[in-house]
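With chain P's structure known, arrange chain B on it following the hints.
The lines below spell out each chain.
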Amino acid sequence: MTEQNEQSKPQAAAAKPAPAARPAAAPAAPAKPAENELKPRVLAPAEARAELVRLKEKEGMDYLENLTGVDWGEEGLGVVYQLENTTTHQRVAIKTLTADRENPFLPSVSDLWDIANIYEREVYDFYGIKFTGHPDMRRIFMREDWVGYPFRKDDETEKNNPLRMTNEPLADTTDSYILQQDGTITKETHNIFEEDEYVVNIGPQHPSTHGVLHFRVSLEGERIRKIDPILGYIHRAVEKISENMTYPQTLALTDRLDYLGAMQNRHALCMCIEKAMGIEVSERVQVIRTIMDELQRIDSHILFFSCLCQDMGATTAFLYGFRDREEILKIFEETCGGRLILNYNTIGGVMADIHPNFQKRVKEFIPYMRKNIKEYHDIFTGNVIFQNRAKGVGVLTRDQVISFGCTGGTGRAAGWSNDVRKHHPYAAYGKVNFNEVLRTEGDSFARYMIRLDEILESLNIIEQLIDNIPEGPFQEKTKPIIKVPAGTYYSSVEGSRGEFGVFLESKGDKSPYRLHYRSTGLPLVAVMDTACRGNMIADLITIGGTVDYVVPDIDR
Amino acid sequence: MFNFQDITTWIHGMLTGTLGLPEWAAILTESIGVALAVITLYAVFAIFLIYMERKVCAFFQCRLGPMRVGPWGTLQVFSDVFKMLTKEIINLRQTDRFLHNMAPFLVVTASMLTFACLPWNKGAHIIDFNVGVFFFLAVSSLGVVGILLAGWSSNNKYSLIGAMRSGAQIISYELSIGMTMLTMICLTGTMSFSEICADQAVNGWNIFRGHLPAVLAFIIYLIAGNAECNRGPFDLPESESELTAGYHTEYSGMHFGYYYLAEYLNLFICAGMAATIFLGGWAPLTIAGLDGFNEVMAYIPGFVWFIGKAIFVVFLLMWLRWTFPRLRIDQILSLEWKYLVPISMFNLVLMALVVAYGLHF
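Respectively, the protein sequence lines represent chains P and B. Okay, so the first sequence: first residue is 1 according to this note's numbering, each after it adds one. Okay, so the second sequence: first residue is 1001 according to this note's numbering, each after it adds one.
The shape of chain P in the complex, shown without the other chains (with noise of 0.2 Å):
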């Protein structure tokens, strides 16, 4: 398939220069070959399985980073691995496929990592690709009485599922398949609850879950026995319809998956995009977008302060830190024209250049910031039930971080350096001095302390930026219908929860063959049943804040 890429590729580059309505700034088509561009290795399923053991166990890539399904076609269903070595933070991706389309089977990877088992529940619900040796074989975010596996290309969606009256019945028992010796796959049903437990529902509607996601939680008086996540109560597809748009227009999508990283999930797309394209946006929209990125942080981790003190029921810190807040919004609303959907990136550069009074703004802010970050921990981290509720409590490892790729604050707070703006620098990151701020500690005051720092680290690059925004256009010229040439791409941010991906697989068409998003939040969904067995009710509750988790990102 690669092979065939490559070849159509200048094809599909030399329809490229077609007339054009205006003269573009912009180089037409990519000399060299896109810097994002992916390229995996095609293997045979089990072939690919053993790959991914010798890549992990030989060559230390012990971080998933990414794992997508993809409808090939007639060539079969297929899943692409993406890992990371979490030393050399050097990436590779493998490709396999199955041309089986009735019953396509996959090894699965989810004894190797702990998050491939969320990652290939996702596969299977969307492209009915099933794992073999999977423990826990059923949907994740359609319905259990869903017809059809709707990301396939050829799946009649709205045919087989006419809008249902009743109401979603949730499984009570899993699936597994197994391959045994002989080359045949067998099916094994089990329980996900037994009989005698005491299950409470979490959700979906439920003040402390930030959104709507649905917690199953077994308890023994009030400690936490096991955690069952349902998601998909806001799933809107948006990878899907994505498909059937053009480029620009699925910029507006991305604003509405995690929403306190708006900024960030779009420059994402953008710049995946934009390199995919060869297009070179100009400094003044790197350190632009570099600014925002960071407001948008900041914005994001004063949220997370507020709700987990609205969590554990410290009222007054919550508006404390939605004062603050505030300030963060008007300079967005001033230059955006929104305060949370902000629609601020193009391909090629901004919607509009910075407001005259955004430096101001923005320089008056950050001495306010840090004079109230102290203020927060007056109020809220010096408090001794607050140590008490949040020191040694849902202790991840690193290991465990790593196995189930929790990025982002989650992750730097069990000591796995994983920044993405350090170690894949985009953007102005490459030129600002700044810490990655670690702990080793693991537990939920640790993932507290480390956004708290992470808004002075945000301050200090802001700080060197904000004085030193160059000349230059804010939108580079780019063609009026925009066309990705035909390949695999994928680039990453740091989003305001972790590593937020873009994950394009394009056939020169002027709308993506398949978008995929790495979300931020679910492997932090994921974690939870780990990080909270044995923790009681109310532990659950600060251990879910303390991860900040946004639902939307989790049901794209």
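Calculated directly from the structure, the hints in this document are not laboratory data. Treat the hints loosely; a few may be bogus.
Here are the simulated lysine to aspartate or glutamate pairs, EDC-like style, with alpha carbons at most 16 Å apart [unchecked claim]: (1) B:K1157 / P:D196; (2) P:K431 / P:D467; (3) P:K226 / P:E197; (4) P:K391 / B:D1330; (5) B:K1157 / P:E220; (6) P:K374 / P:E441; (7) P:K360 / P:D467; (8) B:K1157 / P:E222; (9) B:K1157 / P:E197.
Far from chain P, by Cβ distances over 10 Å, these chain B residues were calculated [said to hold, decoys possible]: (10) Q1061; (11) R1097; (12) A1116; (13) I1161; (14) F1361.
By construction, the Cβ of each residue, glycine as well, lies at the ideal position given by its N, Cα and C atoms.
Only chain B this time, still in chain P's reference frame:
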């Protein structure tokens, strides 16, 4: 000092003498009058306290609170009460309907009975007899039955967990409350609320008179009293971030309103008891030697003193509530059993020694 008994004897005289009612009919009329007065006061105080809480918490949180209904939002709570009165009381399937409907009344009854124990003024005690403190402790623990029943009869897991938490918490903290009250009874030598107040009017407020053990008892009482009201950092029976609303999740309309009412009144009762036992009840502030000052203070009627002191304590409790995050159930219980109970036991012995050796003022 204004003595409320003058008014009551005058009314009694009116009923028996002027109207010529027999003794039993006069007492019956008076009882009905008093009951109506208590219920009215109860509602008025609830409304006032809700307004106060909303304003106090708003000011702590850098905002204004209700501002739209009436000047400074003063009519907001009235409109909320009317809204609640018009709301439907929903009966749920698969609940124990009798217990479900009875539970809020138990809570309100317990809170009203304790409310009636408060000494409002000299001569204005509604329930007052020689084991008043004992009676107060007994009826205040009735409320927990209502909460447990609410949790059980709702047939809801959140409610049940909330009720169980509440049961464990209230029963535990009752120990500290009892112990601190015992400490102060040790000092005053009487269990009747009127005598406790009268004693303090003569000898000075207990908190000054009993110095160290009294202050210690006061602090423990505030913590335990706050826990008893399910408020502040101890609000985990209804911790909205974990259990949505805890034991009253399934209640609507005025049935929910009763819980709300009882919560605020319990706050006031808790504060009123603190004022009675530690801060002199209706007794004015007197400083030995400053006769002029004392004279002026004595002109302020007793009920102003009492309500003023109670509201001061209410403010302290609100301050606490809006500052601290919530505790966890195991922390709440270990705070009580590992720290407060041993300290209050020790404090009781200390007070006994202080009284025995006459070390108090």
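**Report entry** Hints breached by this structure
**Finding:** Per hint list: 6, 10, 13 violated.
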